[in-house]
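Given only the sequences and the hints, what does the whole structure look like? Please build it.
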Amino acid sequence: MNPMVVNAFPVGIVHVINSGNVESEGDLRMEPSVGLEFDSSDEARDFYGLYAMRVGFKIRTGQLYRSRRDGSVSSRRFVCSKEGFQLNSRTGCPAFIRVQRRDSGKWVIDQIQKDHNHELGLEGENNSPVLQQKPPVVPKSLVEVLRRPKVKLLGQIENGGSSPSGIINFKRQKRGGDGRQPLPEPYTGLEFNTANEAYEYYQSYAESVGFRVRIGQLFRSKNDGSVTSRRFVCSKEGFQHPSRVGCGAFMRIKKKDSGSWMVDRLNKDHNHDLGEQTVYVNKFSTASKKFIEEETNGMVSMDLGEMNTGKLIKRSRESKIGTDWYPVLLEYFQTRQAEDTGFFYSVEVDNGSCRSVFWADGRSRYSCSQFGDVVILDTSYRKSNYVVPFATFVGVNHHKQPVLLGSALIANESKECFTWLFQTWFKAMSCCRPKSIIADQDMAIQQAITEVFPGAHHQFSSWQIRAKERENLRSMPIEFRYEYEKCIYESQTTVEFNTTWNSLVNKYNLKGNAWLQQMYDKRESWVPLYLRGKFFAGIPIGETVESFFGTQVNGQTPLREFIPRYEQGLEQCREDERKEDFNSFNLQSFSQTKEAIEEQCRRLYTFTIFKIFQDELLQSYSYIGIKTYEEGTICRYLVRRSGNENDKHGVTFSAVNLSVNCSCQMFEFEGVLCRHVLKVFKLLNIRELPSQYILPRWLRNAEYRILCGAESRVSSQELKAFMIWSLRETACKYVECGTTSVEKYKLAYEIMREGGKRLY
Numbered sequence: 001m002n003p004m005v006v007n008a009f010p011v012g013i014v015h016v017i018n019s020g021n022v023e024s025e026g027d028l029r030m031e032p033s034v035g036l037e038f039d040s041s042d043e044a045r046d047f048y049g050l051y052a053m054r055v056g057f058k059i060r061t062g063q064l065y066r067s068r069r070d071g072s073v074s075s076r077r078f079v080c081s082k083e084g085f086q087l088n089s090r091t092g093c094p095a096f097i098r099v100q101r102r103d104s105g106k107w108v109i110d111q112i113q114k115d116h117n118h119e120l121g122l123e124g125e126n127n128s129p130v131l132q133q134k135p136p137v138v139p140k141s142l143v144e145v146l147r148r149p150k151v152k153l154l155g156q157i158e159n160g161g162s163s164p165s166g167i168i169n170f171k172r173q174k175r176g177g178d179g180r181q182p183l184p185e186p187y188t189g190l191e192f193n194t195a196n197e198a199y200e201y202y203q204s205y206a207e208s209v210g211f212r213v214r215i216g217q218l219f220r221s222k223n224d225g226s227v228t229s230r231r232f233v234c235s236k237e238g239f240q241h242p243s244r245v246g247c248g249a250f251m252r253i254k255k256k257d258s259g260s261w262m263v264d265r266l267n268k269d270h271n272h273d274l275g276e277q278t279v280y281v282n283k284f285s286t287a288s289k290k291f292i293e294e295e296t297n298g299m300v301s302m303d304l305g306e307m308n309t310g311k312l313i314k315r316s317r318e319s320k321i322g323t324d325w326y327p328v329l330l331e332y333f334q335t336r337q338a339e340d341t342g343f344f345y346s347v348e349v350d351n352g353s354c355r356s357v358f359w360a361d362g363r364s365r366y367s368c369s370q371f372g373d374v375v376i377l378d379t380s381y382r383k384s385n386y387v388v389p390f391a392t393f394v395g396v397n398h399h400k401q402p403v404l405l406g407s408a409l410i411a412n413e414s415k416e417c418f419t420w421l422f423q424t425w426f427k428a429m430s431c432c433r434p435k436s437i438i439a440d441q442d443m444a445i446q447q448a449i450t451e452v453f454p455g456a457h458h459q460f461s462s463w464q465i466r467a468k469e470r471e472n473l474r475s476m477p478i479e480f481r482y483e484y485e486k487c488i489y490e491s492q493t494t495v496e497f498n499t500t501w502n503s504l505v506n507k508y509n510l511k512g513n514a515w516l517q518q519m520y521d522k523r524e525s526w527v528p529l530y531l532r533g534k535f536f537a538g539i540p541i542g543e544t545v546e547s548f549f550g551t552q553v554n555g556q557t558p559l560r561e562f563i564p565r566y567e568q569g570l571e572q573c574r575e576d577e578r579k580e581d582f583n584s585f586n587l588q589s590f591s592q593t594k595e596a597i598e599e600q601c602r603r604l605y606t607f608t609i610f611k612i613f614q615d616e617l618l619q620s621y622s623y624i625g626i627k628t629y630e631e632g633t634i635c636r637y638l639v640r641r642s643g644n645e646n647d648k649h650g651v652t653f654s655a656v657n658l659s660v661n662c663s664c665q666m667f668e669f670e671g672v673l674c675r676h677v678l679k680v681f682k683l684l685n686i687r688e689l690p691s692q693y694i695l696p697r698w699l700r701n702a703e704y705r706i707l708c709g710a711e712s713r714v715s716s717q718e719l720k721a722f723m724i725w726s727l728r729e730t731a732c733k734y735v736e737c738g739t740t741s742v743e744k745y746k747l748a749y750e751i752m753r754e755g756g757k758r759l760y
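The letter at position 68 of the sequence shown is residue 68 when you use UniProt numbering, and the numbering goes up by one with no holes.
Accuracy of the hints is not assured; some may be wrong.
What the hints assert, rightly or not - Pairs of lysine-lysine, DSS-like flavour, derived with a Cα cap of 30 angstroms: (1) K400 with K611; (2) K427 with K415; (3) K58 with K486.
As the list claims (entries may be wrong) - If you anchor each label on the Cβ, the simulated ranges turn out as follows: (4) R687 with F426: 21 to 27 angstroms; (5) E561 with N351: 28 to 34 angstroms; (6) Y332 with Q518: 39 to 45 angstroms; (7) K733 with Q492: 46 to 52 angstroms; (8) G455 with G643: 42 to 48 angstroms; (9) F85 with L274: 27 to 33 angstroms; (10) Q337 with S475: 53 to 59 angstroms; (11) G643 with E571: 46 to 52 angstroms; (12) I478 with F582: 32 to 38 angstroms.
These are computed hints drawn from the structure, not numbers from a lab.
Cβ atoms here follow ideal geometry from the backbone N, Cα and C, with glycine treated the same way.
Set out below in structure tokens:
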């Protein structure tokens, strides 16, 4: 029986013909990569299915994303079948590809993750078209391992003598090369006399293989506080530094009752290329070999890749902002300043050399006066090895679109660097203080936010949380992960969360897990239950925020293409905003009810926000409200869904100033009243929303928010900033439109002159 004929494949990737012969085996073994093009999303899925079948996993179709303009599919994700935790067979595997449709109609891979958190192998039928069965491609890292010299048995040490009890004595070992015996590869059960010997052994093994080592976590005894186990990790473990890629390779040793140390957990697979590393200048001194446990509270995580005169040298990437980027950016800044009087830029200088750079045009500064209450610091360049440390400040406008509030090149990731960045942004934005900030979890960022924006609520970036969960929970059983996610996402009260968390920690004996304790201490910055009461403009908790520039500008963008791509991406986003502004002012939404409260919001809100409100209003008809308490002007109601006793919330209402709050906290988080409050308003015959529950930032005329009662709720400094940027933006529109022809120039000039007479 002949194999299936596959007709829809990218040119030059693979063609299967009825004879069963495959044209170009090299093309068949092509691996997915960023930039690979396809004629359709189906072709991309088929290609990924072929790749999956070769490597040894199955795929599923993941999320799709639609265009804001016409609703057509703009990008798709294809994921490993073990992605997520909805079934017992799934392990939360992060492997996927995402394809995005370009203006040419082609579909291009713009995001990819090849690393799996489970073993690979031919697992049966794949969801992709069936082709001739080919042997799976051996991963590159495995090929390199197979090419290395064979490992001698542990007992064959030096002159063939065995060490007592099979324990390695590192001082007696000799490394391979130059006729010497090769170093044994690590394996579970390998024993050492001391923890220092284990570290020296793993350090030497890493040097011979082609990677560097850091000292990871340690665990102490509950009885006497002595160290019971240690982890040694690849230097590219985690994501705290731009050079790290979340490598999972590590060796953990555990102390036995006899006093020796044994390898009890091991992962030799790396998610990056291995190669020649820096040769150590000197041997480790006795002092440098000691583990600095007491001083670091068991959380040593230093880069020990280089030694110099016995001292540790922390390796950092050399910043080329001053030498390579600043000359190009300076020319761009000067050009923009000549065109835009509101353009701002600042350079951090240290000993005469350029370090970090920040810039924002007049439109970004004006947008911050409107939508600077919630700010996202996007440093997603850190997810991979980067060419340029490009970061952006992003807000959310009245159409729930991302708006650029500033851009930066970051010299390093120290507290001083981020403090300078936040202070510069604060100054450029006329001292606008955000209520909430979404940024990475790094201690340097946390300290800088606390210093510059005291009182602002810091929510940790979800991509970093997910990466840390994969790193620290990969060895836990499926049952734990299910209970863990249920605790995080389904707890309704702080008491319920704390009880469930403690029960989970006790059940799986995780009281000594330093990472879990750290995350529990910081729960107010990442657990949805604690974030719902803070205003985040409705940005979904736990979901990765898409980069403002998408794939147009990122950490890999070369210098020669940076400015054109930056300008193109910025203009595209602003064009989308202009279209939504036009639609909101010139088109009308359809009413679904005859209630005055709906008509009020239809006139005021933008399309996007009105749709959210309208959905809440329609949903309120499915709820029942029961008064449970009344004293003076205070009433409390229990609002529950008809036929569902579990879907219920408490609403408190005060007749003094028509104030109301709901236990779901939708208004506090998103700024739009929920279905539960609307049900109570209907019971009380309140036909219009009180003014305090109509946020000016969601109005059609949000750019004139100072005229909508904002004067009473902002400081005089903020009010002046609003007026400056509002008038400046309006004047810029007159200039832009008035210079298109002589006739329009005369008209614009006459309008401005007549208006000026009324001001003086």
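Each hint, compared with the structure:
no.: 1; hint: K400 with K611; in the structure: holds (12 angstroms)
no.: 2; hint: K427 with K415; in the structure: holds (18 angstroms)
no.: 3; hint: K58 with K486; in the structure: holds (26 angstroms)
no.: 4; hint: R687 with F426: 21 to 27 angstroms; in the structure: violated (42 angstroms)
no.: 5; hint: E561 with N351: 28 to 34 angstroms; in the structure: holds (31 angstroms)
no.: 6; hint: Y332 with Q518: 39 to 45 angstroms; in the structure: holds (41 angstroms)
no.: 7; hint: K733 with Q492: 46 to 52 angstroms; in the structure: holds (48 angstroms)
no.: 8; hint: G455 with G643: 42 to 48 angstroms; in the structure: holds (43 angstroms)
no.: 9; hint: F85 with L274: 27 to 33 angstroms; in the structure: holds (32 angstroms)
no.: 10; hint: Q337 with S475: 53 to 59 angstroms; in the structure: holds (55 angstroms)
no.: 11; hint: G643 with E571: 46 to 52 angstroms; in the structure: holds (50 angstroms)
no.: 12; hint: I478 with F582: 32 to 38 angstroms; in the structure: violated (50 angstroms)
Against the hints set out earlier in the document, violations occur for numbers 4 and 12.
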